[in-house]
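Given the coordinates of chain G, assemble chain E onto it according to the supplied hints.
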Amino acid sequence: MSGAEMTSDPWLILLVVVPLLAAPVCVMLRSAGGAWSVATAVSWAVFAIAVKLLITVLDQGEVVYRIGGWDAPWGIEYKLDALGAFVVVIVTAIGALVFPYAKRSVEKEIRGDRIYLFYAMLLLCLSGLLGITVTGDAFNLFVFLEISSLSSYVLISLGQDRRALTAAFRYLIMGTIGATFYIIGVGLMYQMTGTLNIADLKTIMPAVVDTRTVHAAMAFLTVGISLKLALFPLHLWLPNAYTFAPSAVTAFLAATATKVSAYVLLRILFTLFGDVDLFEAFPLREILIAMALAAMFLASLSAIWQENIKRMMAYSSIAQIGYIVLGIALATETGLTGGIVHMFNHALMKGAAFMSIGAIVFATGAVTLKQLEGIGKRMPLTMAAFVIAGLGLIGIPMTPGFISKWQLVTAALELDMWPLAALILLSSLLAVIYVWRVFEVAYLREPAIVAHKPAEVPLSMLIPIWTLALAGLYFGANATFTLNVAHTAARSLMGGL
Amino acid sequence: MLLDFITEAQAIQLAVVFPLLGGLLVLWMGERNRNLREAASLITAVLEFAVVASLTSEVLDGARPSVDLFEMLPGLTVTLTVEPLGQLFALIASGLWIVNTVYSIGYMRENNEANQTRFYVCFTIAISAAVGIAYAGNLLTLFLFYEMLTISTYPLVTHSGKVEAIRGGRVYLGILMATSIGFLFLAMLWTYNLTGTLDFVEGGILAGVVQGPELAVLMFLYMFGIGKAALMPVHRWLPAAMVAPTPVSALLHAVAVVKAGVFSVVKVIVYIFGLDLLTEAQSDDWLLFIAGFTIISASIIALRQDNLKRRLAYSTVSQLSYVILATAILAPISVAGAVMHIAAHAFGKITLFFAAGSIYTAAHKTEVSQLDGIGKRMPWTMTAFAIGALSMIGLPPTAGFISKWYILSGALETGEAFAILVIIASTLLNAGYFLPVIYAAFFKDEKPRGEDDPYHKYDNHGEAPVAVVAALSFTALGTIMLFFYPDVPLALGRALVGG
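Chains as they are written, first to last, in this note's numbering: chain G, 1 to 497; chain E, 498 to 996.
Don't take each hint at face value.
Far from chain G by the CB rule (all over 10 Å, computed), these chain E residues [unchecked claim]:
1. Val543
2. Glu699
3. Asp956
4. Ala992
Label pairs and their computed distance ranges (CB to CB) [stated by the list, open to error]:
5. Ala547/E / Lys52/G: 22 to 32 Å
6. Val143/G / Ser563/E: 49 to 59 Å
7. Leu381/G / Val698/E: 55 to 65 Å
8. Gly709/E / Glu446/G: 50 to 60 Å
9. Tyr474/G / Ala506/E: 50 to 60 Å
10. Thr694/E / Ile55/G: 30 to 40 Å
Because the hints were derived from the structure by calculation, they are not lab data.
Every residue, glycine too, gets a C-beta built ideally from N, C-alpha and C.
Okay, chain G solo, but in the shape it has when bound (with noise of 0.2 Å):
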């Protein structure tokens, strides 16, 4: 497959740079509605891109653009394969709803002279996560690596509570610490095979990969990511970081940046290292799936015992990375299937959940359980969004957790690892406990504050809450689609294609 037949797809290119360039934009426009005009227009744009480019793949297979028309892996290259289209739709379907979302929330949470920055701030963002997905060289990933977490960074420290900037700085040291551990890996690939670019570096694994220096940068490469991704026990900065962070800031975050990571561990595995037979050759299963069950049950028990509902959120995220890892460890067809489409479906689901959050917060200043008795008569219609995604989480039939769990259940069982799946269903049932704590505070408590009349959002709030939710019942109830995307993503990592 030499780069001269292939045709550069000029939109791959288009799918970074234009949230990139328009971030500057927003910071000289100083103005918070300017900002969030362009901010809000560049999100649908990249989305509409982002379904053109699932799309091409789906139909013609991989997408390519070589950058300054340099064949790799001399320049850089930008990929896209079914498993990246299905990332760069979710992170752009996020955005594309968070922004719309974001414009009465943070003009409550940010004071007003920064918001212009807060919007070029998330655009950044958005394009780092982007550029993680589409390119093809480990070093250009590391750069953009770097811009979605400064630029996240940046953005936590912006929550109302003072405990936004401690937060924002654990997070900074456990990011950077992450991102160097990365940095160290790619160097000594670099060292060992001369090249950056990961098919190029594929080609050449199974010659060097018995040294200790390749070892070494798997063990940092792995570690290094597993730090972003936040799995457990390397999930510290989460909870403190989705708790105190501005709510649209959570929502985002929540849904798009631990699925890239996730991704990202993928293109390591199965890519990077996919012509080695990695699984075979370490333990690697047995360590993955002892941290995501670890991440499954005892995250799960934290989330029971918040008593802050946006922590507890934050703790069933780290759950939730766990099944995705479970899947990801399974390293079967199916397994890996489980895993990409609960990325999918996690985004759907606490996306939802996070906005509404963020939009009981506008409503009402309510983050504790304690003051979100009797919120369900007040704010019917965002606690209705809650409830779809509440169950999600557990995974009750007709959401998107449902899906994913018997993806998962299935892979175990296709493997008999009967302890395994009994587990997984084990571990929904310690979300029904902490999900059910909100429902019954929510519905069954009479509320404190006594003659408040109901107290819904904007429309602007509402309509990003419940197209989050809706589809969430949609690829619930009719899971083909996602799941034969997820196949074909996982069956062309598996080298099945």
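Same frame as chain G, now just chain E:
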């Protein structure tokens, strides 16, 4: 077809969707116009029954109309299929829903319950789920509606919002969710992994793919996964749910929830395992023993309950295991008896609960020991109670006699001495905990409550409101009618086992 203007497929879909539409209407009316809201509930119930009933004749003629709703997973669709057992359950659920709605209106208004709109909306969702379970064409569809039923009844159980209601709700939800997600879901995926299908097929789908201890484990997962069937020890949700208002108890015990449980048990045994497979494998003996144990011990517990509703709840636990026992005997005639017993118990138990609620509404009495002489003040209620109780014991002229007769015949046919002993012993126990209530109500002298009792002002009561009395008289009459005209349920039961 009774309704000529719609096709079968539309009628099936309508049967599931129609209550939901009615629910939207109820929600829209809300508290603004309570009379219209209640009218909406009632009209929905009546039309729903008409839709369901319109499918009966075809099923009896041997047709199995089916319709695919949507493809949830590649190769797995949510499908509705009408077959004899499901048709019977749908008839019971939608028919008793009408009566229950009438009763609810009387009960909820008389007791000034809060959040009545939420109550009626959840009711419609629960009925839709029950009919969905009844018409489920495969296990996935069954599971979907089974969970929907659990979730939609939770707000009903915790309706009052009091601490004990929330606590009861936790037990209710906890047990039902834990069993369905932990066991039933696993069993379903295991089955799918083994066979590549989840369809309900006559003769079962598991023959030849699973045997020996694995079959027993799978059986275990199914039987305890269907927590709604209340086999011991997963029966605890049922007494815990007694905190609910009486119409909800009726819904749980007669109309939808426990019936959905035993219905699913019969359905899984007949259509997933297949009677032949189980007869050969002998791996369901333990089920017979567990069911027998549940019948006897629940009856003994019921004997010791002073709270009337709790006594009825344990009676339900015991009666449900009759259905399971009858199915586990594996003789076609006893399976038909199991089907009949679903109907008989539904009518009898709803009458008993209506009566308990009627007593609470009129006299504010909840304990058996308070009921001395109440038959004179509430002759209609207590007569209906007596009829329901006779049906539970299994005496003619009530429906319970017929179902017990068939179950016993099956047990005699297969020579299951254990089952015969259990049925005889439990009949005596049933008589032991029901007859004293009837005796006290009609033949003992009333004991007025003391001045310090907050409810003492209710002592000079008469009958409950008309809607309540009408509803319970109707179901009592139904219990007797089923004795004289058991044709439809029996025909459906026989059609199920191909007799």
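These are the hints, each one checked on the structure:
Interface exclusion of Val543/E from chain G stands, the closest Cβ pair being 28 Å apart, more than 10 Å. Every Cβ of chain G is farther than 10 Å from the Cβ of Glu699/E; the closest lies at roughly 25 Å, confirming the non-interface assignment. Here Asp956/E stays apart from chain G, with its beta-carbon at least about 32 Å from theirs, past the 10 Å limit. The beta carbon of Ala992/E sits about 29 Å from the closest Cβ of chain G, which is more than 10 Å, so the claim that it is off the interface holds.
Between Ala547/E and Lys52/G the beta carbon distance is about 50 Å. The supplied range of 22 to 32 Å is therefore violated. A hinted range of 49 to 59 Å holds for the C-beta pair Val143/G and Ser563/E, which are about 57 Å apart. Taking the beta carbon of each, Leu381/G and Val698/E are about 43 Å apart, not inside 55 to 65 Å as hinted. Judged by the Cβ atoms, the range 50 to 60 Å given for Gly709/E and Glu446/G holds: they are separated by roughly 56 Å.
Here the CB-CB span from Tyr474/G to Ala506/E is close to 23 Å, at odds with the stated 50 to 60 Å. The hinted window of 30 to 40 Å between Thr694/E and Ile55/G holds, with their beta carbons roughly 33 Å apart.
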